[in-house]
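Required output: the full structure, derived from the provided sequences and hints.
Here's the letter readout for the chains.
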Amino acid sequence: AQRVTQPEKLLSVFKGAPVELKCNYSYSGSPELFWYVQYSRQRLQLLLRHISRESIKGFTADLNKGETSFHLKKPFAQEEDSAMYYCALHIYNQGGKLIFGQGTELSVKP
Amino acid sequence: GAGVSQSPSNKVTEKGKDVELRCDPISGHTALYWYRQRLGQGLEFLIYFQGNSAPDKSGLPSDRFSAERTGESVSTLTIQRTQQEDSAVYLCASSFKPLLNTEAFFGQGTRLTVV
Chain C
1 AQRVTQPEKL
11 LSVFKGAPVE
21 LKCNYSYSGS
31 PELFWYVQYS
41 RQRLQLLLRH
51 ISRESIKGFT
61 ADLNKGETSF
71 HLKKPFAQEE
81 DSAMYYCALH
91 IYNQGGKLIF
101 GQGTELSVKP
Chain A
1001 GAGVSQSPSN
1011 KVTEKGKDVE
1021 LRCDPISGHT
1031 ALYWYRQRLG
1041 QGLEFLIYFQ
1051 GNSAPDKSGL
1061 PSDRFSAERT
1071 GESVSTLTIQ
1081 RTQQEDSAVY
1091 LCASSFKPLL
1101 NTEAFFGQGT
1111 RLTVV
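So the protein sequences, as listed, match chains C and A. Under our numbering, the first sequence has 48 at position 48, and the numbering climbs by one with no breaks. Remember, our numbering sits 1000 above the position in the second sequence when you count from 1.
Everything labelled a hint here was simulated from the structure, so no lab data went into it. C-beta atoms are modelled at their ideal positions from N, C-alpha and C, and glycine is treated no differently. Take every hint as true, because none was put in to throw you off.
Every beta carbon over 10 Å from chain C, so not counted as near; a handful from chain A, in silico:
#1 A1002
#2 K1011
#3 D1018
#4 V1019
#5 E1020
#6 R1022
#7 I1026
#8 R1069
#9 S1073
#10 Q1083
#11 T1113
Once the Cα atoms are required to be at most 25 Å apart in a straight line, the calculated DMTMM-like pairs of lysine to aspartate or glutamate come out as:
#12 K15/C x D81/C
#13 K65/C x E1103/A
#14 K22/C x E8/C
#15 K1011/A x E1068/A
#16 K57/C x E1103/A
#17 K22/C x E1103/A
#18 K57/C x E80/C
#19 K22/C x E1044/A
#20 K1097/A x E54/C
#21 K109/C x E80/C
#22 K1097/A x E1068/A
#23 K73/C x E1103/A
#24 K15/C x E105/C
#25 K9/C x E1085/A
#26 K73/C x E20/C
#27 K57/C x E79/C
#28 K1017/A x E1068/A
#29 K9/C x E1044/A
#30 K73/C x D62/C
#31 K15/C x D62/C
#32 K1017/A x D1063/A
#33 K1097/A x D1024/A
#34 K9/C x E105/C
#35 K65/C x E54/C
These stretches of chain A come out as covered by chain C in the derived footprint (C-beta under 8 Å, 3 or more residues):
#36 1031-1037
#37 1044-1054
Structural data, given as structure tokens:
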């Protein structure tokens, strides 16, 4: 079965520290993965997608098919990065269903 | 409007009553998703519509839940005989035909409280 796992419910770091939010997936096909973010009192929105290999707000994520992971990283966390982060898997061969992990709350302390 | 719109924003209902939640997707978006977000938990997939294809209802938790969508427009999620465990934020999202690299856009959600 397709599944996205985010093992950490809460991650708390100090400003300037490196951050890694873990995401593992289970999918037999070729995965398409995203990270979505929800800032306080805002809508859930796309942060980045693996296929673009982009860096957004200093965040990057590399797809590791061997480890079935798509961890989100940032070398120096900022207070404004505090938010809920969701990893998402696009089930392309089932017409495009999008499933999410449980989310990780990132808290960046001053 | 420019974004996905959901109504109502908040709904308080008595246990046992039926509720109907509405989602207006972005114009031109053929895909529409419903999710449930319980307090302190992640996004739980409920149902997915794509164009005129049969919807993927695999996430609906019970037969009290149903959803409809007319063409590529408005969708309604109906919960019959509401229970307290139905209390959650219900999120709707839409996207263009889900080819590679398609972004889903979310509404602000409907907060449902069953008392």
